[in-house]
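Engineer: Residue strings, one per chain:
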Amino acid sequence: MHIIVCLKQVVAGDRVKIDPNTYSLVRSAESSYINPFDLFALDVAVQMKKEHSGSITAVTMGPKISEEVLWEALTLGADRAVLLSDKRFAASDTLATSYVLGMGIRKIGKFDLILCGMRTTDGDTGQVGPQLAEELDLPYISASEKVEKEKGLFRVERVSDGFREILEVSAPALLTIASRTGVRLPGLIDIQDVFTRYFIECWNLEDLNADPNRVGRLGSGTWVDGLTPTAQKKSCVFIEGDARKQAKILLSKLLEKNLLS
Amino acid sequence: MELTLSIKQKQLRRMARQFAKAELAPIAKEIDEEGRFPWEAVEKMGPLNFFGIQAPRQYGGAETDSISYCLVIEEISRVCASMGLMLAVHNGVVVHPISQFGNDEQKAKFLSPLVAGEKIGAFCLTEPNAGSDAMAIESTALREGDSYILNANKIFVTNGGVADIAIIFTSVDPGNVKKGFSAILVERGTPGFEVGLLENNCGMRANPVSSIILNDCRVPKTNLLGREGEGFKVAMAALDNGRIGIAAQAVGIAQGALDVSLKYAKERVQFRVPLAQHQAIQLMLADMGTMVEAARLLTLNAAHVKDRGGDLSCPSAMAKLFAGRTASKVASMGVQIHGGYGYSKDYPVERYFRDARATEIYEGTNEIQQIVIARELLKRGED
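Sequence lines, in order, name chains A and B. Numbering follows my numbering, with no gaps: position 238 of the first sequence is 238. Plus 1000 on top of the position in the second sequence (first one is 1) and you've got my numbering.
This is chain B alone, in the form it adopts within the complex (with noise of 0.2 Å):
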């Protein structure tokens, strides 16, 4: 078993290090605190293909290894958690899903513009009455001559406030919600498409989470994503992948908890001595490095489960439960490191705090997760 990156897999990392040691940390804290989409910031990303890491060649994508994918979310997360999510989002959740369902056609006129960095995209499955229970939803898609009417009212969706284009998970049968279950394209600007008001949250603040509002919205049934009634396999498909970017993402919010703290315990000094010469402080840090390696190396491990072309719901499902945990309980300890100062907005591991509570909830909650390792792992024989 191979568990050594390769140069290549660590010159990817290089560079995402690089871009967000140079682009991302001198705005992270006033990004956050203003919540505030740093488009400077953003504009640069395109060119550097963060915007189709693994996307195919031939719609502009660097078509890198599911590896690579978690290294570079890992490394902009650690600095800045928001443009980790807004890229796992864009990448994991909205990209890699038209890669996998779209048509030529489809691929060319979405795809291009979404790799290129010149669009941004959303996924919208939560409704005010559907979330973890996706068939819930109530939004809807008439069939009228060669186009879709669609209503619904899509809630904290991230990169809502900033998205070109929306996979939207609606039924075609409202009747019958699963058995019309669909994935359906919709551009900002088709009329009737309207961005609710941003969500005032806790963490991830530099992401402009919103609603995402859909009046009587007219589109062409060209938009459909894959069949109808095929919504459910896409947004499964979706998700199971995107848990990887978003376990990645919450490796690098713990990594950079950890940072920090690492940091702080050399600096400060109580009893005449640095805190890092506290052995109750080294335990902690101890504690910290160790989930963070663990953590990694779940998320990673799921990568390669993936790039081997294997089942991915049980891997990610594990990676993503784990690695959301150790984001909050490593950025929870980062605080107890910092003591005062970790509860004050003057430090950064506060943020990390605040942010690593979401990856807990987003993209199938704890629980969710824990549904599905259960179900597998009681399908599964014995050896």
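Pulled out of the complex, with its shape left as it was, chain A reads as follows (with noise of 0.2 Å):
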């Protein structure tokens, strides 16, 4: 069984700087990793090899910077990682990223399942995965929660609006995964023989054949106009006294706001 998993570099919370010219993400190496739920999606992954064995391939588009994800990825389970990096690819929206990882998909050639992250901390869009289901004509399944393999087709469980799904799809198709699962953690040992073992791919647009004209600005449907950050309501009280005093203090503060019955 080979899967794919998409991964995205996201920039973490309190380090997010945006570029005041082209409103994108500052990506810098120290402030950036994988997308949690692009981490569930991966942990999915090692678990389904582990139990039907196979292979798993990592796929990112991004900058050079962007294969620290890759190689994390590499201690995490993959076996093989792709890094579609071009400058051209550079401002691309879900629509054009869509389009990029499905020609890099085309190229590392057969699967069985892609696996994406529901959606990513820091765009929040949730629109590459279905897109990219679009893009290679797979069928596609959202917000799974548990995956199994079963005669030849894939089970999938999902919640949506209070009910519990289950769904069988036909391989290949495409998921986006919503669980939160642990990931296990790599050893030193671990880390430092995928270093040894593995290499990076990096395919550009003409190593992916790709339509210059359906990436970057030029192949995006939207564009962000404007960006202004809003305020943060959330403040901070520090209660003072003895303990005694400090409980008092917060029950009188909650039911001031209503907030006990």
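Derived from the structure by calculation, the hints contain no laboratory data. Beta carbons: idealized from backbone N, C-alpha and C, even for Gly. Possibly wrong hints are sitting among the right ones.
Claimed, not checked - Take a look, some chain A residues computed to stay more than 12 Å from chain B by CB distance: (1) Y33; (2) T75; (3) K87; (4) K107; (5) I108; (6) P139; (7) K149; (8) P186; (9) K233; (10) V237.
Stated by the list, open to error - Anything over 12 Å on all C-beta distances counts as not near chain A; from chain B, calculated: (11) I1007; (12) V1042; (13) G1052; (14) A1062; (15) N1129; (16) I1149; (17) E1267; (18) K1329; (19) Y1341; (20) A1374.
Claimed, not checked - If you anchor each label on the Cβ, the simulated ranges turn out as follows: (21) B:L1283 x A:D79: 45 to 53 Å; (22) A:A12 x B:R1036: 39 to 47 Å; (23) B:R1375 x A:D193: 35 to 43 Å.
With the hints as a guide, bring the two chains together.
Structural biologist: Okay, structure coming up:
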């Protein structure tokens, strides 16, 4: 079984910097990590590989520094890593991103499943998974919580509007993953070995045989026209005094705000 | 000059950081208060290779470079200094000297279980009358057939309460300590091996620092590490190396104190604005951040010198001296930023403040580092 996992490098919430001209996120290696939902997708892939054997290919689109998330994916159990990187891919919206990922996956070759995180913690559109399914003309199930392989079909559980749905889909298919799994940490030896055993394949526009009009700003159906920060209303109040006094003050504050009935 | 970490080094650091956050952060306060060694977390460290970070592959170690070693110790110490200490001592002054001076039989017997985390190591040099002055030791190892009979009173032994394998610095020639100075491996459980009371220390309280007493403890001569009379060389090589780990630990404590101070300064409101908006607090934070970065660079430089095979004494002494002072200073400034809450056990900065102080004392006090550094400086000719 061959599973492809799409990853995105996201910027830590408290380190977000916006380019004032393009309104796009400024990425740096120090402040970036794998989108947590993509880690869950990778973990589902690793579990399935353990049960059914096979291989995992991790793929991401981004600048050169994005190879860090691919290395992390390799330390967590991926067997191959592909970086889709070209200056012309910059400023791609979700549509152009899905096209580039689709072209990359076509080049990767045959697969049984594509797993994506349900959404990202920075862009938060949730669009790349379904758009990629459209691009590759694949059956698609969103917000999957559990995936099992059964007689050539994938049995997928998802929770929607308070119901647990069980769906079956044949390979090849694309699933977005919503489950929150615990990722197993690799040992220091595992990490050391990954760096002697693997390398990152890096493909540009020409390698993908992609249409330059469908990538980057040119290929994007949407663009950001303006961006202003919204004020954070959260504030922290310190309650002082001994425990009894603090409890009393807390209780009165909660009652005041009608938070206790 | 390359001052950027490699992706591999960053991945190793990331793993240690994630482990510390997941397994140590939730218990750090509690184990400090209870003075409890957290076996539940320690047992998870073996499979992640934390007990043989730089040990040879052949014996199950991860064989990382020294910079990665520092990054791992820093990340663990940033969250829980007691566990950073446990690992720094186990790796730096037990596993390392056995790797360096042990013969194949000793490595197979002692190194493999230490590296797997099945056994924990201790380094026993200090005695009631011998601290900085190592040659003042009174312990003895008398030859008797194929054995040594050891008598020793070793104190302030880090990991002492849980150690399975101890490197005992002793003399095989009581009449001439210097000539007879030797390192001998002794296993817990050997008749006459006794763990004394745990120290009631100010900081590092989750590390079972204790005394180890040997009463007519008979060990085979094959447990001699290096040669007879070579003990001082073993001790100094171990300490030169170990100091890098302790420097990294101090950097971790300082970074941890800075982390909690930054968080507090953003949350705490006085005069209707967060503390972080007051310039007096910003000045402190700026100095703290600068000191931490300087200490980290000195530490990583010492690690780099070690990997290049350069003379380690001076760079590791400088790193330890500066990082230890930085930890104390930064943690103290952190307490100041927290005000009254910084003096309370309800906030973690107080724990960093207590833990930091030890890094100026153990594995060579500040003053011993200064002696090492000054000696080196005075020896150097003009460039």
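Engineer: Evaluate each hint against the coordinates.
Structural biologist: Hint-by-hint comparison with the structure:
1. The non-interface label for A:Y33 is inconsistent with chain B: the shortest C-beta to C-beta separation is roughly 8 Å, within 12 Å.
2. Chain B draws A:T75 into its interface by the beta-carbon criterion, the shortest separation being 6 Å against a cut-off of 12 Å.
3. Every CB of chain B lies more than 12 Å from the CB of A:K87, the least distance being 21 Å, so the non-interface label holds.
4. Once the 12 Å rule is applied to beta carbons, A:K107 is consistent with being away from chain B; the minimum gap is 24 Å.
5. Under the 12 Å C-beta cut-off, the non-interface status given to A:I108 relative to chain B holds; the minimum distance is some 22 Å.
6. Remark: the non-interface label on A:P139 is consistent with the geometry, its nearest Cβ contact in chain B lying 35 Å away (cut-off 12 Å).
7. A cut-off of 12 Å between C-beta atoms confirms that A:K149 is not in contact with chain B; the least separation is 28 Å.
8. Listed as a non-interface residue, A:P186 fails to keep its Cβ farther than 12 Å from every Cβ of chain B; the least gap is roughly 6 Å.
9. No Cβ of chain B approaches the Cβ of A:K233 within 12 Å, the least distance being about 14 Å, so the stated non-interface status holds.
10. A beta-carbon of chain B comes within 12 Å of the beta-carbon of A:V237; the shortest separation is about 8 Å.
11. The claim that B:I1007 lies off the interface is violated: its Cβ sits roughly 5 Å from the closest Cβ of chain A, which falls inside the 12 Å cut-off.
12. No Cβ of chain A comes within 12 Å of the Cβ of B:V1042; the nearest lies about 15 Å off, and the non-interface call holds.
13. At roughly 8 Å from the closest C-beta of chain A, the C-beta of B:G1052 falls inside 12 Å, breaking its exclusion from the interface.
14. With a least CB separation of 4 Å from chain A, B:A1062 falls inside the 12 Å interface cut-off, contrary to its annotation.
15. At roughly 40 Å from the closest C-beta of chain A, the C-beta of B:N1129 stays outside 12 Å, upholding its exclusion from the interface.
16. For B:I1149, the shortest C-beta to C-beta distance to chain A comes to about 40 Å, beyond the 12 Å cut-off, and the non-interface label holds.
17. With a minimum CB-CB distance of about 4 Å to chain A, B:E1267 fails to clear the 12 Å threshold, and the non-interface call is violated.
18. Residue placement check: B:K1329 keeps its beta carbon more than 12 Å from all beta carbons of chain A (closest about 25 Å).
19. Distance to chain A contradicts B:Y1341 as a non-interface residue, since its nearest Cβ pair spans about 8 Å, not more than 12 Å.
20. Even its closest Cβ contact with chain A, about 37 Å, leaves B:A1374 beyond 12 Å, as expected for a residue assigned away from the interface.
21. Checking the proposed 45 to 53 Å range against B:L1283 and A:D79 shows it holds: the Cβ atoms sit about 51 Å from each other.
22. The given range of 39 to 47 Å is broken by A:A12 and B:R1036, whose C-beta atoms sit roughly 33 Å from each other.
23. Here the CB-CB span from B:R1375 to A:D193 is close to 42 Å, well matched to the stated 35 to 43 Å.
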